[in-house]
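**Q** Please build the complete structure, drawing on both the sequences and the hints.
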Amino acid sequence: MRAVLDVRNLTTRFSTPTGALVAVNDVSFSLREREILGLVGESGSGKSVTLRSLIRLLPSIASQSGEVIWQGHDILKMSPKEVRAVRGGQISMIFQEPTTALNPVLPIGLQIDENLRAHTTLSHRERLNRARELMDLVGIPEAARRLAEYPHQFSGGMKQRAMIAIALASNPRLLLADEPTTALDVTIQDQILKLILDLRDELAMSVIFVTHDLGVVAATCDRMAVMYAGRIVETGTIADVFARPMHAYTRGLLGSVPRVGTERSPLMSIEGTPPGLSSIPRGCAFHPRCDFATNVCRVSQPVTETVEPEHDVACHNSLAVLEAGSPVQ
Amino acid sequence: MPLASFILRRLLQLIPTLIFILIVVFVLVRLLPGDPTSAILGDRALDADVERINRELGLDRSLLVQFGVFVESVFTGDLGRSISLKVPVTELIAQRLPITMLLTAMAALIALVMAVPLAFWAALQRGRAADAVIRGAFQIGLSMPVFYIGLILLTVFGAKLGWFPVGGYGDGFIEHVHHLFLPALTLAFSLSAIIMRNLRSAIIGVVDAEYVQFARAKGISSRLILLRHVLRNALISTVALFGLSIGTLLGGAVITETVFAVPGAGRLMVDSIYGRDYPVVQGLTIALAVLVSVTFLLTDLFQAWLDPRVAR
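Quick mapping for you: the protein sequence lines, in order, are chains E and D.
Residue numbers 1 to 329, in our numbering, belong to the letters of the first sequence in order.
Residue numbers 1 to 312, in our numbering, belong to the letters of the second sequence in order.
Simulated from the structure, these hints should not be mistaken for lab results.
Where is the CB? At the ideal position from N, CA and C, for every residue including glycine.
Just so you know, not all the hints are guaranteed correct.
[As the list claims (entries may be wrong)] Cβ-to-Cβ under 8 Å is the rule here; a few derived chain D residues that face chain E:
hint, residue
1, Glu210
2, Tyr211
3, Phe214
4, Ala215
5, Ala217
6, Gly219
7, His229
8, Asn233
9, Asp307
10, Pro308
11, Arg309
[Stated by the list, open to error] Have a look at the derived ranges for each label pair, beta carbon to beta carbon:
hint, chain 1, residue 1, chain 2, residue 2, range
12, D, Gly170, E, Ser15, 54 to 60 Å
13, D, Arg135, E, Ser79, 32 to 38 Å
14, E, His73, D, Leu224, 55 to 61 Å
**A** What follows is the structure, encoded as structure tokens:
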């Protein structure tokens, strides 16, 4: 399958009064048609900024370099007008907190309509019909009535559905999902995940799914990329990465997930906290927290290597990690 | 319809407000030093005359009865007669209050025209030179006394350049607006400074909000994002402040009308207090209080329109 999105050496810096912070550092990955890629990492690892960097949805203090090739064109080189046509039209995004991401003073119908007006040439009547259709598609009952309602009249799960309806309005080819289930109850989480999976099949979209929840990744994604301190440290299919992690950080993440139905064993945890953007360690950024660290890790940044087919890793001691085995059975 | 029931509820709330206003006005006037009888007769009045006038004015009866008479006459549209000008108070108010209302409305409009675009500019240029200059300029506007700004404008644009009349009210609407422009500008200075500062920080608070980012992610135009998503949400708190400021503006009109010799309700109020013309003071206070209440009502309705959560 061919790639719909090709990200090459994407770097995003924020210039602050105390100096430049590198939030996304030399990130490369590609995404195929209909594929769901999980972008995984702890808070502050740069996964959300990576997602927003793809459509240049960044504050004015940010600067970007690298390439984001979308259907043959580099988004980073597009004019503001061209970027606007991509945003919401071809690439849509849903946010973590539906309560803060929907404008509280505008009816849901209008918030869907805005997207349709920006990206389609439909008439008023056609847009209204499309809005109703979208509400049905995402499973909001009584679409006609609810279009006139405001976000505060929706429950959390319904708000997230409404946000998905807005994002899907103009038939995007790619959906960027920034922790879309984190703010929801567990039962609602499952419904929203299932909805996203169904919609991917129905609309033939690709999805990039940012999350820190490995359970969600295992249940929904085809491939995953693990981020640490602004870099992608390991990429592979879900099966490969879960069964044969090759980066010590990935292995640590997998070990920290509690599981039902297995013999009770103490949870592994990764000691320490992720570094702040202003104090990223030299060498491999993970080395101060790493059980496998050797001298080379302290001085040189590991390069990303394809160790197995479709399984890339940036770790000096990947073979040692591989030999230690996966904490997931 | 939540909005309809909100309007109805809000209208009903006006009733206790009005009753409270009447009580306060009635008590306040009687707490003022001096009394109308001695104002009419002078210091050396005979006791018999004092008694006669007291009886004519109903001041010999108990306070409760006086209040009853007062409320009854207010509701029948009778606010008494001016002691010094010898005309019905309602007539005086009908003459003078529209002038102050026009002055206030013009001041409010000028303040908005000055404040809203500059608040936007300052907020979007936050921390840069333009922001500092705009905030500095408005800080001066806020800290200068109203009468001083008035005198400067009067000297420069009235006396020196002759662009505007130095006093009076003129005939016809165009003339009125021409005459009231400088006083309105004077009043607008401090109000625009308050509005600018409030709106600037409201915009800064909204511009990075997640729903604005989400709107950007939809690919809609920057103009639409600013007007529909940023300005509308930022205005919610500013509208409340603006409504409250109208009351202050009416009070500020007293000074401005004196400086610019505008024959409005503010001037009438000052003259009547000096002349112990109690019926006029009383009537004007009621009229102004009702005006302020109605302004607050309109503010609330506008807010409910801006933010549907208000009407819940």
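**Q** Look at each hint and say if it fits the structure.
**A** Hints versus structure:
1. Checking D/Glu210 against chain E: minimum C-beta separation of about 4 Å stays under 8 Å; hint holds.
2. For D/Tyr211, the suggested interface contact is upheld, since its CB lies about 4 Å from the closest CB of chain E, less than 8 Å.
3. A cut of 8 Å between beta carbons decides the hint on D/Phe214: the least distance to chain E is about 4 Å, and the hint holds.
4. For D/Ala215, the interface hint holds, the least distance from its beta-carbon to any beta-carbon of chain E being 7 Å, beneath 8 Å.
5. Below 8 Å, beta-carbon pairs count as interface contacts, and D/Ala217 has one with chain E at about 4 Å; its hint therefore holds.
6. Using the Cβ-Cβ criterion of 8 Å, the hint placing D/Gly219 at the interface with chain E is satisfied: the shortest such distance is roughly 3 Å.
7. For the restraint placing D/His229 at the interface with chain E, the shortest Cβ-Cβ distance is roughly 6 Å, inside the 8 Å limit, so the hint holds.
8. Given the 8 Å rule on beta carbons, the hint for D/Asn233 holds: about 6 Å separates it from the nearest Cβ of chain E.
9. At about 5 Å, the closest approach between the beta carbon of D/Asp307 and any beta carbon in chain E falls short of 8 Å, and the interface hint on this residue holds.
10. At about 5 Å, the closest approach between the beta carbon of D/Pro308 and any beta carbon in chain E falls short of 8 Å, and the interface hint on this residue holds.
11. A cut of 8 Å between beta carbons decides the hint on D/Arg309: the least distance to chain E is about 6 Å, and the hint holds.
12. D/Gly170 and E/Ser15 have their C-beta atoms about 57 Å apart, which keeps the hinted 54 to 60 Å range intact.
13. At roughly 33 Å, the beta-carbon separation of D/Arg135 and E/Ser79 lies within the given 32 to 38 Å, and the hint holds.
14. Taken as a hint, the range 55 to 61 Å is violated for the pair E/His73 and D/Leu224, whose Cβ atoms sit roughly 25 Å apart.
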